[in-house]
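K.L.:
If you want the building blocks of each chain, they are given just below.
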Amino acid sequence: MPIAMITDQLANLPFQYWVLAVAISLLMAGCLVLIAILYIRRLVSATRKKKRHDLQFRYQYFLYDALVESEAGKTPEAFQEFVVNLFREEEEKHGLNKELLINIILDLKKSLSGQSRAQLLEIAATLKLPDYALRKLDRLSFNTQIQALREISGLQVTDSAVQEKVKQIQYAKHAALSQEASLTLIKLGESPDLSFLDVLTTPLSQWQQIHLHHCLRNFERHQLPDFSQWLTSTNESVVLFSLRMITEFEQCNNSELIIHQLSHKSANVVTEAIYTVSQLKIASAVPTLVSLLHQPNPRIQISSIRAIGRLGTTQQVPDLESLRIDSSYWVRQITVEAIARLRTKVDSASEVIHQS
Amino acid sequence: MKEIIIHSISYIAENLILVYAIILAGFSFFLSVIGLIEVYKYLINNRSDDRNALLSSPFTPRISLIVPMYNEGETIIDSVRSLLSLQYNNYEVVVVNDGSTDESLQKLIEYFQLVPTYLESNYELPTKKVKCLYKSRQKVFSRLVVIDKANGGKADALNTGINHAQGSLVAAMDADSIIAPEALLKMVKPFLQNKGRVIATGSIIRIANSCTVEDGSLVNIQLPKGWLARFQALEYIRVFLLSRLGWSRLNGLLIISGAFGLFDREIIIKAGGYCTKTVGEDMELTIRMRRYMHEQKLAYKVVHIPDPLCWTEAPTSLSQLSRQRNRWARGSVETLVKHRGLFFNPKYGLMGMLSYPYWLFFEYLAPFIEVVGIGYFGIKAILSQPSWLNFSLFLVIIYLFSVFLSLVALIVEEFSYHKYQNKSDVAKLILTAFVEPIVFHPIVLVNALKGSLDFLVGKKSWGEMKRKGFAKQEPESAKKVAS
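Just so you know, the sequences run in chain order L and P. Every position in the first sequence, counted from 1, becomes a number in this note's numbering once 251 is added. Every position in the second sequence, counted from 1, becomes a number in this note's numbering once 19 is added.
Note that these hints are calculated values from the structure, not bench results. Take the hints with a grain of salt, since some may be wrong.
Just the calculated beta-carbon pair ranges, DEER-fashion [unchecked claim]:
1) P/K158 - L/G346: 51 to 57 angstroms
2) P/N239 - L/R472: 42 to 48 angstroms
3) P/K158 - L/R339: 22 to 28 angstroms
4) L/T483 - P/F380: 36 to 42 angstroms
5) L/I275 - P/F381: 37 to 43 angstroms
6) P/T120 - L/K301: 51 to 57 angstroms
These stretches of chain P come out as covered by chain L in the derived footprint (C-beta under 8 angstroms, 3 or more residues) [what the hints assert, rightly or not]:
7) 57-67
8) 326-332
9) 424-430
List time: in silico DSSO-like cross-link candidates among lysine-lysine, alpha-carbon distance up to 30 angstroms [said to hold, decoys possible]:
10) P/K296 - L/K300
11) L/K361 - P/K208
12) P/K208 - L/K438
13) L/K379 - L/K438
The structure displayed is predicted, hence computed values, not measured ones. By construction, the Cβ of each residue, glycine as well, lies at the ideal position given by its N, Cα and C atoms.
One chain only, chain L, in its complex shape:
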C-alpha cells in the first residue's frame, strides 16, 4: 500500500481517534518510564548498599584495630594518634563518610565506658565530627536536623554556643524537631533542664511525654527537679506529665499537693492523681478516694476502687460493698478484687500476730 494512501487515511481519521491514540501513547510511555525507574532504582540501591557495607566494615576495622593496638600497651595519646592518622589517610585517599563514621562511633560508644568512651569522643572531636553535625543543624530538612541533634547529644557537644542554638530549635513549629531539641538539652545538661514546661502553652502529647521520660531515666534521682512545682500549671498535659514523673521517680515529698489534684476539674488529672497516690501509698488520700467512689465517670470510679484496695483497711469494705451490685461489669469485678485484697491484708496481719 503506498505511503501516500496511509497518510491520507490517517489525515482523514476523526479527531476522537487522535485523542485515543495520544492517550495510548502517553500511557505506554508512562509504563515504560515506570519500568525503567524500577530497574534503575534496584540497581542503584544495590550498589549503594554494597558500597556502604564495605565502608562500614573498613571504618569498624580501623577502630577495632586501634583498640587492639591500645590493648597492646600503647598510651592513650599514641592510640588516639594512631586512629586519627588512619582516618586522615583515608580522608585524603577516598574522602570520609562522616555520617557513617558518626553512626559507627555512637554505636560503639554504647558498649564502652570510662576511659575508652572518653577516648572515642576525643577521636570524634579531633576528626571534627561535631562540626559536621553542627553544620547539619542549618539544613532545611527537619529529619536532617533531628539527626544532627542526636549526633550532637551522642557526641556530647556541651559548647554553650551549641546549646544556645539548640534552645532556639526547641521552639520550632515542627513537633518532632522541638521534641528532639528538648531531649538534646536534657541529655547535654548536668541536671535536666525542664524550664520549657513553665512556658509551654500547647499540649504535651503522650508521645512527647514517653520520650521525655525515657531521657530522664538516665539521670540519678537526686539530679531530677521536683516535679510537684508543675502541679499548679494551667496546662493540663503538664500536670499529667508531672504526676506521672512523681509516680515514676517516687517523689512523695509534696503529698498535700498531690492529694489536692484529686479534686482537679479535669477527669484525666483526677484519674492520674488516683494512680499516683496509690503507687506512692499515700494513705491519707483514702477519705478523698472514698468520696470519689460514686463518681459518674467510670475511669475515676474504677481507679478509686483499685486504689482503696491497695491503700485502705477493712473500714472501707462497707463503702465498697454497695458497688458489688453496680450495673457496670468492670466496677463489679474490680470491687470484688479490692474487697478480697483488703480482707487478705487482715488475714495475713492476724496470721503474723498469731505466729508471734
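Starting from the known structure of chain L, arrange chain P on it as the hints suggest.
P.N.:
What follows is chain P alone, placed relative to chain L:
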C-alpha cells in the same frame, strides 16, 4: 423516528459509559497521587522515630489483642506464641474460642497450662453465652486470656473479646494473620500524638503465601509462586498503598481490614460493637464508629499507615477465591444498604458526600457498569455495524491505565518498604501487572456480580476457607536426618 430514538439511546449510553470511565480513572489517579504523598510524608515523619522509648515505657496505653478462633488447631499454638512476643510492653492477648469443634481449645489449655478463673462474664455488648475464662498458671504467659464461648461467628467472638478486654485500645485480627513484631509500636503512634482523636488505625496487609514462617513469625519473605496468589499480592499492594492511603489522607476511609486493625475501645462500645448479622463486619464497624462520632459532633480521624504490618494467606484455588470475593461483595452491599442514610448526606461530612457515593458508584456498581458496557457493545455488534476501532482503542486505554496504576504502586513499594528483594521479583511483578487485567480481573468481576446476586437472594453464610498453611522452616536436626 425509530432510528432517531435508537441513535439517541446509543449516543447517551456511549457517553454515559465514557463519562463514568473518565471519572473512575480520574479519581483513581487522584487517589494514587494523594496516596503517594501520604506514603512520602509518613516515611519522612517516621524516619527519625526512636522506638526504644516506647518499648520500655510504663505510659503506653494498654492494648488488648483479640484473636477469634474457630477450628484453628493446626496453627493456634504457634500463632499465640508469636503474639505473646510482640514488641510492646503493655498488652494482653485475648483468644476467643468461638465453639471450635476440633481440639484447638484443648491444645491451648495443655500448652499454656490454662486454668479456669471463676469470674462472671461481661455482656456489655450482647454476645452468645460465655462458658469459661482461662488464664495461665505460668507467669511467663500472664498476658494471655482465653475465653471459651458458644459458637456465634467471628463478629460475636470479637464482641466477646471486647467485653473482656482490659485495654483502652483493642486490636482485632484473624487467627491466621501474622503480625510483624513491631506492629503495635507503629499502630499505636497515631493515638499518642496530639493530632485530633484517632478512633481506629489500620495497616497494609500483605500476602504471605510462599513466605517461610517459624513459630508463627515470618522469617523469609517471598513473592508467591502461584499465579493466583501473585495476582492478589499485586492487588493488595495497589489497593493498600494507593487507594486506602489516599482515603486516609482525606479522612474518608470506610474500612479498616478485619485481618488487623487497632480501635478505641470506648468508641467501639458506644457505637454498639461488631454487627453479627453481616459478613462484612469490618467495614460495617468502621462506618458505624464514624457515624457515631459525627452524630456526637466529635472531631476524629481514621488513620491508615503504609507499613506492611500484617501478613495473611491468600486463597490459592479458584473456588476459595470465588467464595472470598463473593463474601466481600455481599459484605459491601449489606453495609451500603444498611447505612444508606449516608448517601449525599452533608451531616456526615466527607463520608456522606464523597466516600459513601464513591464506594457505591465506583466500587459496588463498577462490575455492573462494566458488564452493561460489554453487553451494550455486543448488542450493537449484532444489530448494526460495530465500531471495532473505537471499542478496541477504548479497551487498550483501560488496560494500559490499570497496568500503569499497578506499576505506580510497585514504584511506591520499591521506594518505601522494598519487601520483595529477590532480583527476579521485579520482573515477576511487572509481568503480573500486565497479565492481571486480562486474567484476574474477570474472575473478580464475575464473583463480585455473583456476590451481589447472592445478597438479593438472602445468602448469609461465610463459606469455608481451607488454609493451605505456610512454608515452615525445617529445624537443623530434621535436615540432618533427611540428608
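K.L.:
Quick check: does the Cβ-Cβ distance between P/N239 and L/R472 fall within 42 to 48 angstroms?
P.N.:
holds, 46 angstroms
K.L.:
For the hint 51 to 57 angstroms, verify it against the beta carbon of P/T120 and that of L/K301.
P.N.:
Since P/T120 and L/K301 have Cβ atoms about 54 angstroms apart, the given range 51 to 57 angstroms holds.
K.L.:
Please count how many residues of the stretch 57-67 of chain P have a CB within 8 angstroms of a CB from chain L and say whether that reaches 3.
P.N.:
Our answer is that it holds, as 4 residues pass the Cβ test (under 8 angstroms) against chain L, meeting three.
K.L.:
Keeping to a limit of 30 angstroms between CA atoms, is the pair of L/K379 and L/K438 held or broken?
P.N.:
holds, 21 angstroms
K.L.:
Honestly, do P/K158 and L/R339 meet the 22 to 28 angstroms range at C-beta?
P.N.:
Since the Cβ atoms of P/K158 and L/R339 sit about 55 angstroms apart, the hinted range of 22 to 28 angstroms is violated.
K.L.:
Going straight from one Cα to the other, do L/K361 and P/K208 come out at no more than 30 angstroms?
P.N.:
holds, 26 angstroms
K.L.:
Need the status of pair P/K208, L/K438: alpha-carbon distance at most 30 angstroms?
P.N.:
Given that 30 angstroms is the threshold and the Cα spacing comes to 24 angstroms, the pair holds.
K.L.:
Measuring from beta carbon to beta carbon, are L/T483 and P/F380 in 36 to 42 angstroms?
P.N.:
violated, 57 angstroms
K.L.:
Closer than 8 angstroms, Cβ to Cβ, for at least three residues: run that test on the stretch 326-332 of chain P against chain L and report holds or violated.
P.N.:
Result for this restraint: violated, n = 0.
K.L.:
Assuming the hint says 51 to 57 angstroms, is it satisfied by the Cβ distance from P/K158 to L/G346 or not?
P.N.:
For P/K158 and L/G346 the Cβ distance comes to about 55 angstroms; the hint holds.
K.L.:
Do three or more residues from the stretch 424-430 of chain P put their C-beta atoms closer than 8 angstroms to C-beta atoms of chain L?
P.N.:
Three-residue rule met by the stretch 424-430 of chain P, so holds; n is 4.
K.L.:
Honestly, do L/I275 and P/F381 meet the 37 to 43 angstroms range at C-beta?
P.N.:
violated, 23 angstroms
In this structure, the earlier hints numbered 3, 4, 5, 8 and 10 are contradicted, and the remaining ones agree with it.
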